[in-house]
Every structure is written in C-alpha cells, then in structure tokens.
Amino acid sequence: MERQILFSRQEIKEKVESLGKRITEDFDDNFVVISLLRGSFIFAADLVREIDRLVEIDFLTTSSYGHSESSSGEVRFLTDLRTNIEGRDVLVVDDILDTGNTLYAVKEKLLSYKPKSLKTCVLLDKPSRREADVSADYVGFEIDDIFIVGYGLNYGDHYRNVPYIYTYKEKNEKI
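Using this note's numbering, you'd call the opening residue of the sequence shown number -11 and step up by one each time.
Please keep in mind that the hints were generated in silico from the structure rather than gathered at the bench. Check each hint, because a few of them may be wrong.
[Unchecked claim] Pairs of lysine-lysine, DSSO-like flavour, derived with a Cα cap of 30 Å:
#1 K95 / K114
#2 K114 / K104
#3 K97 / K3
#4 K102 / K9
#5 K9 / K97
#6 K102 / K1
#7 K3 / K107
#8 K95 / K1
#9 K107 / K9
#10 K3 / K114
#11 K3 / K95
[As the list claims (entries may be wrong)] Derived Cβ-Cβ restraints for the label pairs, each shown as a range:
#12 K104 / I134: 36 to 44 Å
#13 E(-1) / D125: 15 to 23 Å
#14 E13 / F65: 30 to 38 Å
#15 R10 / K104: 17 to 25 Å
Virtual Cβ for every residue (Gly too), placed ideally from N, Cα, C.
Could you build all of it, start to finish, from the sequences and the hints given here?
Put into structure tokens, the structure is as follows:
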C-alpha cells in the first residue's frame, strides 16, 4: 500500500484547536455534542477537549458505507440518543461530509426532537461529491474527491487508529 499523507498529526491538532476555540465562542454552557459513530469518535474526543464550555456528549450510530469506499446512499440508524435534546443547543460532529446523505438524514431526525438550535461540525468536507442539500457550520479541511483513511476514517474495519490522514491506494490499484 502506498501512503501519501494529506494532513499530519500536527496539522490536525492545530485545526481541532481552532475549531474548538470557535465553538467555545459561539456556544453557551450546557449544550449537547452528538458524535456520529464510528468514524467521528477520535475527532469528537479531541474536539470536545478543546471546547471550554460545559457540554454533554451523546452518540448516534449510522451506517451508509459498510465495507465499501463509497456510500450506498441508504442511511441506517443503528442506535439512537440517550439524551433529551428538546429545547437545547446541539452540535453534531462527524468525520467527513461527502455525499451529504448521512448528515441530511441525521439533521432531519434530530430536528424532529425539537432542539433549540442544531449546528454541525465536520473535520473534512468533499463538496464535489454532494448529493444532498446540506453543508456544515464548522469545517476543518476541504478536500478533493480522493479516498482517505486514518484519524477515525476507515477502510473495511481498519486504519481508524492511524494518527494522521492519508490517501489510501493499493499497489497497482487505480483510485
């Protein structure tokens, strides 16, 4: 496998610190951060440590990729929230905004719970792949349409634990 590092550990750390500072400035205490599992767990953990506010953390598990490199377009909710978000400020955190199908479905579901406000934060944004009419309120990096892994992003069941983001390419494979 050939690796080309797209974002180093240090670049990611600096971006997460910057996002945490902006979110701290924009939110009051006692808001809810909802991490979309499994991809965003590393980003969300690092991000909430950079937010200097009282936050409650919850998780939603969605699936649209399976073991594929591209989204199936069908978003399944595998778990639901434990937290009542009615009347509360909410920040949804995801690793990547690609087709937008997952974030669109998540926003629709969460809006039905009647939060006071609903904002979104993604580490990576691939606007060229957008199918759903959705954008993120906070974006770490905008990237081209390339397949990447690391820092929570997976291929199959692997590579989430790599502390940087890189392009994934098998030898002799065209992506």
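So, going through the hints one by one against the coordinates:
With a C-alpha separation of about 18 Å, the suggested pair K95 and K114 falls inside the 30 Å cut-off, and the hint holds. This hinted pair checks out: K114 and K104 have alpha carbons roughly 28 Å apart, not beyond 30 Å. For a cut-off of 30 Å, the pair hint linking K97 to K3 stands: about 29 Å separates their Cα positions. A C-alpha spacing of about 26 Å is found between K102 and K9, which places the hinted pair at or below 30 Å, so the restraint holds.
For the proposed pair K9 and K97, the alpha carbon gap of about 28 Å is at most 30 Å, so the pair holds. Distance check on the hinted pair: K102 and K1 sit about 33 Å apart at the alpha-carbon level, beyond 30 Å; violated. Distance hint between K3 and K107 is fulfilled; the C-alpha atoms sit about 18 Å from each other, no more than 30 Å. With a CA separation close to 27 Å, the supplied pair K95 and K1 stays within the 30 Å bound.
Proximity of K107 to K9 is assessed by CA-CA distance (about 15 Å); at most 30 Å being required, the pair is judged to hold. Taking the CA atoms of K3 and K114, the gap is near 17 Å; set against the 30 Å cutoff, the hint holds. Proposed proximity of K3 and K95 is supported: the alpha carbons are some 24 Å apart, at most 30 Å. In this structure the supplied range 36 to 44 Å holds for K104 paired with I134, their Cβ-Cβ distance being about 37 Å.
With their beta carbons about 21 Å apart, E(-1) and D125 fall inside the hinted range of 15 to 23 Å. One distance hint, 30 to 38 Å for the beta-carbon pair E13 and F65, holds here, with the actual separation near 31 Å. Against the hinted window of 17 to 25 Å, the Cβ-Cβ separation of R10 and K104 comes to about 19 Å, which satisfies the hint.
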